[in-house]
Amino acid sequence: MTTAVTISERAARRIGEILKTEGDGAMLRISVEGGGCSGFQYKFDVERAKAEDDLVIARDGAVVLVDPASVPFLAGSEVDFVDDLIGASFRVVNPNATASCGCGTSFSI
Numbered sequence: 639m640t641t642a643v644t645i646s647e648r649a650a651r652r653i654g655e656i657l658k659t660e661g662d663g664a665m666l667r668i669s670v671e672g673g674g675c676s677g678f679q680y681k682f683d684v685e686r687a688k689a690e691d692d693l694v695i696a697r698d699g700a701v702v703l704v705d706p707a708s709v710p711f712l713a714g715s716e717v718d719f720v721d722d723l724i725g726a727s728f729r730v731v732n733p734n735a736t737a738s739c740g741c742g743t744s745f746s747i
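Residue 727 in the numbering used here sits at position 89 of the sequence shown; the count goes up by one each step and never skips.
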């Protein structure tokens, strides 16, 4: 199983915009938590400190952190940014998810 998590060009651009407003040293943390209507949900936070065992993904000035407990849930995933009629948001395309809720914010494995 691959542990790679990729960031699309659109997501990297949007993450970079968000982190610039947060100031120097800001990074985006993506984690997986229990909850939501399908069992797990994605969480996005801005942080300034990284743990020694974090997976660090850098693309086009955007720095994304993933904690070791979340890596298996996100392995092989791509983080994208979509801006459509229902709104703008980050979307995780996760090959490990066997089901997701109607709103797309939670998933099951």
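Hints were generated in silico from the structure; no laboratory data involved.
There may be inaccurate statements among the hints.
Pairwise CB distance ranges, derived in the manner of DEER restraints [stated by the list, open to error]:
hint, residue 1, residue 2, range
1, A664, E716, 16 to 26 Å
2, K681, I724, 17 to 27 Å
3, G699, V731, 15 to 25 Å
4, L723, V694, 16 to 26 Å
5, G663, L723, 29 to 39 Å
6, L723, A689, 34 to 44 Å
7, D698, S727, 16 to 26 Å
8, T736, G661, 33 to 43 Å
9, D722, E690, 34 to 44 Å
10, I724, A687, 13 to 23 Å
11, D722, D691, 28 to 38 Å
12, D721, E690, 32 to 42 Å
13, V694, N734, 18 to 28 Å
Here the structure is a predicted model, which is why all the values come from computation and not from measurement.
Cβ coordinates follow ideal geometry from the N, Cα and C atoms, glycine included.
Quick rundown of the hints versus the structure:
no.	hint	result
1	A664 to E716: 16 to 26 Å	22 Å, holds
2	K681 to I724: 17 to 27 Å	21 Å, holds
3	G699 to V731: 15 to 25 Å	22 Å, holds
4	L723 to V694: 16 to 26 Å	34 Å, violated
5	G663 to L723: 29 to 39 Å	35 Å, holds
6	L723 to A689: 34 to 44 Å	38 Å, holds
7	D698 to S727: 16 to 26 Å	19 Å, holds
8	T736 to G661: 33 to 43 Å	39 Å, holds
9	D722 to E690: 34 to 44 Å	38 Å, holds
10	I724 to A687: 13 to 23 Å	34 Å, violated
11	D722 to D691: 28 to 38 Å	36 Å, holds
12	D721 to E690: 32 to 42 Å	35 Å, holds
13	V694 to N734: 18 to 28 Å	21 Å, holds
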